[in-house]
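Asks: So the sequences go chain by chain: A and B.
Residue 163 is where the first sequence ends in my numbering, and the numbering goes up by one at each step.
Residue 225 is where the second sequence ends in my numbering, and the numbering goes up by one at each step.
Calculated directly from the structure, the hints in this document are not laboratory data.
Note that the coordinates shown come from a computational prediction; the quantities given were computed from them, not determined experimentally.
Glycine residues also receive a C-beta, built at the ideal position from the N, C-alpha and C atoms.
Any given hint could be a false lead.
As a list, the in silico SDA-like pairs of lysine to any residue whose alpha-carbon atoms are at most 20 Å apart [as the list claims (entries may be wrong)]: (1) Lys214/B with Gln5/A; (2) Lys213/B with Thr145/A; (3) Lys214/B with Ala150/A; (4) Lys180/B with Thr138/A; (5) Lys42/A with Glu64/A; (6) Lys42/A with Ser10/A; (7) Lys214/B with Ser136/A; (8) Lys214/B with Gly135/A; (9) Lys127/A with Thr217/B; (10) Lys214/B with Thr152/A; (11) Lys213/B with Asn151/A; (12) Lys213/B with Gly135/A; (13) Lys180/B with Ser107/A; (14) Lys127/A with Val75/A; (15) Lys42/A with Val216/B; (16) Lys213/B with Met148/A; (17) Lys214/B with Pro149/A; (18) Lys214/B with Val94/A; (19) Lys214/B with Thr147/A; (20) Lys213/B with Asp115/A; (21) Lys180/B with Thr167/B.
Away from chain A, derived, C-beta distances all over 12 Å, residues of chain B [unchecked claim]: (22) Met164; (23) Asp174; (24) Ser176; (25) Leu177; (26) Asp200; (27) Phe225.
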Amino acid sequence: MANTQSMCTSFMSQLMLGEHQLGAATLVSRTSLTAPTTDTLKAALYLTTATVNAATTAYSASNEVSGTGYVAGGVTVTNATAPTSTNTSATAGVAFFTPSASIVYTSVTLATAFDAVLLYNSTQSNKAISVHTFGSQTITAGTFTLTMPANTTAAALIRLATT
Amino acid sequence: MLVTTTKGDMDDSLLEKREGTVDNDNETTTWVEYWLDGELVHRSAHVTLKKTVTLASSVASF
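One chain only, chain B, in its complex shape:
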């Protein structure tokens, strides 16, 4: 599989792949990195938002 990197498209077999996930109340995030000889050449991240922002409304009583 070709990976877009800072050095152009490269076959992933030439690269070291690192992945991670963060899961908390606010988000689920996954990220993937590709390294070449100790240099980060690609990093993508995917954040799934979990928290809503809410406007609470009310009406006054007479």
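Bound conformation, chain A alone:
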């Protein structure tokens, strides 16, 4: 088994259904009819023996890391920047989103190797968004930091692009 970096397939159709609201939202919808509702995103780490990939539909504790200082479900993702869209030509455009701060697991001991993080929407029934992989790691009485790529058309963590 292995983890595979991918946007989660279920997330794609959920976008069309308006089930996710990323960033500093101003849209009044769903849980509140009177005030904007920004979803809470979370990031959970998975062991190298897990299988999280495009087919992952929701957060699961199965094969999630465990250890001192790590809370099941992972940490809340700072989600302050709204998605951006821009036209790159008359027929093409890109929308993109990147969490607005690094994802940090502080003072943890994670003795079993892990190599993936699942980004998911805890406000919307823990629905999966994307899987990101990296080289296998362990942490001993230390801090694991995931720094985000630049929030640009080419480098953002999540991109929707016309073809």
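Given chain A, work out where chain B should sit, using these hints.
Replies: Using the frame of chain A, we list chain B on its own:
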């Protein structure tokens, strides 16, 4: 400098420090370890993600 270890906070002068970097198309990762008498007592890692995940969209023609 004090380092958090499995044995509590310790001055880094008492510890052996090992560091490393991995840089490839997917990530830039740095890690630091502190060892005490052959035992790993601290390991931290910092991963900078490089790769985006992209949903390609298109519309059908009539």
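Asks: Run every hint past the structure and note whether it holds.
Replies: A quick look at each hint next to the structure:
no., hint, in the structure
1, Lys214/B with Gln5/A, "holds, 9 Å"
2, Lys213/B with Thr145/A, "holds, 14 Å"
3, Lys214/B with Ala150/A, "holds, 10 Å"
4, Lys180/B with Thr138/A, "holds, 16 Å"
5, Lys42/A with Glu64/A, "holds, 13 Å"
6, Lys42/A with Ser10/A, "holds, 17 Å"
7, Lys214/B with Ser136/A, "holds, 16 Å"
8, Lys214/B with Gly135/A, "holds, 13 Å"
9, Lys127/A with Thr217/B, "holds, 18 Å"
10, Lys214/B with Thr152/A, "holds, 12 Å"
11, Lys213/B with Asn151/A, "holds, 11 Å"
12, Lys213/B with Gly135/A, "holds, 12 Å"
13, Lys180/B with Ser107/A, "holds, 18 Å"
14, Lys127/A with Val75/A, "holds, 15 Å"
15, Lys42/A with Val216/B, "holds, 17 Å"
16, Lys213/B with Met148/A, "holds, 8 Å"
17, Lys214/B with Pro149/A, "holds, 8 Å"
18, Lys214/B with Val94/A, "holds, 16 Å"
19, Lys214/B with Thr147/A, "holds, 12 Å"
20, Lys213/B with Asp115/A, "holds, 15 Å"
21, Lys180/B with Thr167/B, "holds, 13 Å"
22, Met164, "holds, 14 Å"
23, Asp174, "holds, 15 Å"
24, Ser176, "holds, 18 Å"
25, Leu177, "holds, 15 Å"
26, Asp200, "holds, 15 Å"
27, Phe225, "holds, 16 Å"
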